[in-house]
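> So the protein sequences, as listed, match chains A and B. Per this note's numbering, the first sequence runs over residues 1 to 509. Per this note's numbering, the second sequence runs over residues 1 to 99.
It is worth saying that the hints were derived from the structure and are not from the lab. Fair warning: this is a prediction, and the values are worked out from it, not measured in the lab. For each residue, glycine too, the CB sits at the ideal point set by N, CA and C. Among these hints, one or two may not hold up.
Lysine-lysine pairs mimicking DSSO-like chemistry, simulated, CA-CA at most 27 angstroms apart [claimed, not checked]:
no.	chain 1	residue 1	chain 2	residue 2
1	B	Lys41	A	Lys430
2	A	Lys245	A	Lys337
3	A	Lys372	A	Lys430
4	A	Lys372	B	Lys41
5	A	Lys37	A	Lys94
6	A	Lys16	A	Lys37
Label pairs and their computed distance ranges (CB to CB) [said to hold, decoys possible]:
no.	chain 1	residue 1	chain 2	residue 2	range
7	B	Pro6	A	Ala507	45 to 55 angstroms
8	B	Ala60	A	Gly385	23 to 33 angstroms
9	B	Lys41	A	Gly385	17 to 27 angstroms
10	B	Leu59	A	Gly385	27 to 37 angstroms
11	A	Glu106	B	Asn61	33 to 43 angstroms
12	B	Pro65	A	Glu76	25 to 35 angstroms
13	A	Gly351	B	Ala60	42 to 52 angstroms
14	A	Tyr386	B	Ala60	20 to 30 angstroms
15	B	Ala60	A	Glu76	37 to 47 angstroms
16	A	Asp465	B	Leu95	52 to 62 angstroms
17	B	Gly69	A	Ser23	32 to 42 angstroms
18	B	Glu49	A	Glu317	19 to 29 angstroms
19	B	Ala52	A	Ser69	54 to 64 angstroms
20	A	Gly352	B	Ala77	23 to 33 angstroms
Covered stretches of chain B (in silico footprint by chain A; criterion: 3 or more residues with CB under 8 angstroms from a CB of chain A, positions within the stretch not fixed) [to be verified]:
no.	stretch
21	4-13
22	24-34
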Amino acid sequence: MSGVNGGAASADLTRKTAAELASLLAAREVSAVEVAKAHLDRIAAVDGDVHAFLHVSDAALITAAAIDSARGDGEELGPLAGVPVAIKDVLTTKDAPTTAGSRILEGWVPPYDATTVARLRAAHLVPLGKTNMDEFAMGSSTEHSAYGPTRNPWDLDRIPGGSGGGSAAAVAAFEAPIALGSDTGGSIRQPGAVTGTVGVKPTYGGVSRYGAIALASSLDQVGPVSRTVLDAALLHDVVGGHDPKDSTSLTDVWPSFAEAAREGALAESLKGVRVGVVRELDSDGFQAGVKQRFHETLALLTEAGAEIVEVSAPHFEYAVAAYYVILPAEASSNLAKFDSVRFGLRVTPPGGGTVEQVMAASREAGFGAEVKRRVILGTYALSAGYYDAYYGSAQKVRTLIQRDFADAFAQADVLVSPSAPTTAFRIGEKVNDPLAMYLNDVTTIPANLAGVPGMTLPMGLAPEDGLPTGFQLMAPAREDARLYRIGATLERLIGERQGTILDAAPALG
Amino acid sequence: MSEITPDTVRHLAELARIGLSDEEIERLTGELGAIVDSVAKVAEVATPEVPATSHPIPLANVFRPDVPGETLTTDEALAGAPEAAEGRFVVSAILGEEQ
Chain A
1 MSGVNGGAAS
11 ADLTRKTAAE
21 LASLLAAREV
31 SAVEVAKAHL
41 DRIAAVDGDV
51 HAFLHVSDAA
61 LITAAAIDSA
71 RGDGEELGPL
81 AGVPVAIKDV
91 LTTKDAPTTA
101 GSRILEGWVP
111 PYDATTVARL
121 RAAHLVPLGK
131 TNMDEFAMGS
141 STEHSAYGPT
151 RNPWDLDRIP
161 GGSGGGSAAA
171 VAAFEAPIAL
181 GSDTGGSIRQ
191 PGAVTGTVGV
201 KPTYGGVSRY
211 GAIALASSLD
221 QVGPVSRTVL
231 DAALLHDVVG
241 GHDPKDSTSL
251 TDVWPSFAEA
261 AREGALAESL
271 KGVRVGVVRE
281 LDSDGFQAGV
291 KQRFHETLAL
301 LTEAGAEIVE
311 VSAPHFEYAV
321 AAYYVILPAE
331 ASSNLAKFDS
341 VRFGLRVTPP
351 GGGTVEQVMA
361 ASREAGFGAE
371 VKRRVILGTY
381 ALSAGYYDAY
391 YGSAQKVRTL
401 IQRDFADAFA
411 QADVLVSPSA
421 PTTAFRIGEK
431 VNDPLAMYLN
441 DVTTIPANLA
451 GVPGMTLPMG
461 LAPEDGLPTG
471 FQLMAPARED
481 ARLYRIGATL
491 ERLIGERQGT
501 ILDAAPALG
Chain B
1 MSEITPDTVR
11 HLAELARIGL
21 SDEEIERLTG
31 ELGAIVDSVA
41 KVAEVATPEV
51 PATSHPIPLA
61 NVFRPDVPGE
71 TLTTDEALAG
81 APEAAEGRFV
91 VSAILGEEQ
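Produce the complete structure using the sequences and hints provided.
Given below as structure tokens:
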């Protein structure tokens, strides 16, 4: 592979996983500059169609050259040194604009890096740029970005999921091997499902949120996006762990997730593993092809020796309702910081105005329709006279959902479901129907409400439309390693049956 | 049915400091009414004996030693401000004419 200079060889580098690139880089068979260049070329070739990126870094080649030079000097580098990574635009980067998909932050360059971004840099990864998202992570389709939608690499007329459609599409389109996302109600897992990629929402508190622009603080979690379970684990190892700058960050000492994934990939069988199928998340209302692939995957697990048990989580049917009370309530408070004083857009009404009138005019101009909708809904849910009926009740539902998880995990080591009820829908299909859009998250929201980790991995294409479907695994809080171990075994079983799913995606470019 | 009226939306928008056009108020009145009706089902199972959960993994009183650390410089803190002068953020009048 040495002396790669574009063309076919360069395309080869973009098809490699992060783990493969890391090996080639460590063996000095390729340089970080060559790897970065191959991905920047790919972005230049396909991102006009996909629009996964809001900003492409002009420092990537310089960063890569510095890593090559450090390697040449014999410096000790991290296991992913020289591997390119895309960053969801919800994470602050001090060398690049950070907008969270909102007009109100257009052009803002933060004065500090998110802890996860600082850890990428310290581990010598190469940031390629910032990825598109629904404004302030509010959405399931990336159509609510103020900068235009991202398109699904499998079908450019369809959504890539949301809110992290940019990170998932970048990885699915081979523009980046790995990316960071954030998941408040499914924003890593649902895009993973509809783009045929892998995504993990870690245990709440497992990854620092310092510098992650907050949507709903009791739900938000930063996590990895990738094409393989091992790559997600490698990235999780880099960014995870306690951060004193995030007071909700857990002080646990975490095991190596990459080691768990490697063990899982080698496991002979799943004997002794109890897999719980959540009855309420195996709905007849889901798309037929999604259900079909889900049940085929359960059969694979059985063949591999796992014991399938049916579990019931009776309060999951209240999860979407509780989520759409808690999220807007917390968002209305978190988004109060966009006041046109310290950063972001300022719009002064004609003839001037008081600071409050300036705030109202700035937020009117700077926020999109979905953000206005949710902030006003949250303001309602928290207002005197309604607090107990809505927010108070939603917090009780949260307790009931946690109890459902506890009961289910008493009977099963992991819980499973389809990651999303349907394959990717068409751009424009649901954008004007907020309630229909909210129901996309029915499978992913329970994990956020309870703080437990969840993973999606591709389980094949739906026969009726040829689009990817995702299989969700959930583990008890703090048992992220279990997801990587069992997920890697399952990924191998699915691969043995039907090959690599992304190989079937259109070439683009 | 919910009690969301155009006046409710107008009042909430004032509380949230978001200017809205009459058209937006009309659209939001219908949308919020439908959403509120749909989420009201949380009350069905929220009986008095169920305790509330505010955070998925309870943490209380997270302390750190009170020692000086790195902070932003004044210039860094002001770099993104729409308007700054003399090391401070500039805002428009904080009091209306009637005050």
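> With reference to the structure, classify each hint as holding or not holding.
Hints versus structure:
1. Lys41/B x Lys430/A: Judged against 27 angstroms, a Cα distance of about 23 angstroms means the pair holds.
2. Lys245/A x Lys337/A: Holds, at roughly 19 angstroms.
3. Lys372/A x Lys430/A: holds (18 angstroms)
4. Lys372/A x Lys41/B: OK: Lys372/A and Lys41/B at ~23 angstroms, within 27 angstroms.
5. Lys37/A x Lys94/A: holds (22 angstroms)
6. Lys16/A x Lys37/A: Cα-Cα ~14 angstroms, so holds.
7. Pro6/B x Ala507/A: 45 to 55 angstroms: At 52 angstroms between Cβs, range holds.
8. Ala60/B x Gly385/A: 23 to 33 angstroms: Distance hint for Ala60/B, Gly385/A holds at roughly 30 angstroms.
9. Lys41/B x Gly385/A: 17 to 27 angstroms: Taking Cβ atoms as reference, Lys41/B and Gly385/A lie about 19 angstroms apart, which means the hint holds.
10. Leu59/B x Gly385/A: 27 to 37 angstroms: holds (31 angstroms)
11. Glu106/A x Asn61/B: 33 to 43 angstroms: 39 angstroms Cβ-Cβ, so the 33 to 43 angstroms window holds.
12. Pro65/B x Glu76/A: 25 to 35 angstroms: For Pro65/B and Glu76/A the Cβ distance comes to about 30 angstroms; the hint holds.
13. Gly351/A x Ala60/B: 42 to 52 angstroms: holds (50 angstroms)
14. Tyr386/A x Ala60/B: 20 to 30 angstroms: holds (28 angstroms)
15. Ala60/B x Glu76/A: 37 to 47 angstroms: Holds: the Cβ-Cβ distance is about 39 angstroms, inside 37 to 47 angstroms.
16. Asp465/A x Leu95/B: 52 to 62 angstroms: The hint (52 to 62 angstroms, Cβ to Cβ) holds, given that Asp465/A and Leu95/B are roughly 60 angstroms apart.
17. Gly69/B x Ser23/A: 32 to 42 angstroms: holds (38 angstroms)
18. Glu49/B x Glu317/A: 19 to 29 angstroms: 20 angstroms Cβ-Cβ, so the 19 to 29 angstroms window holds.
19. Ala52/B x Ser69/A: 54 to 64 angstroms: holds (55 angstroms)
20. Gly352/A x Ala77/B: 23 to 33 angstroms: Hint holds: Cβ distance 26 angstroms, inside 23 to 33 angstroms.
21. 4-13: holds (count 5)
22. 24-34: holds (count 5)
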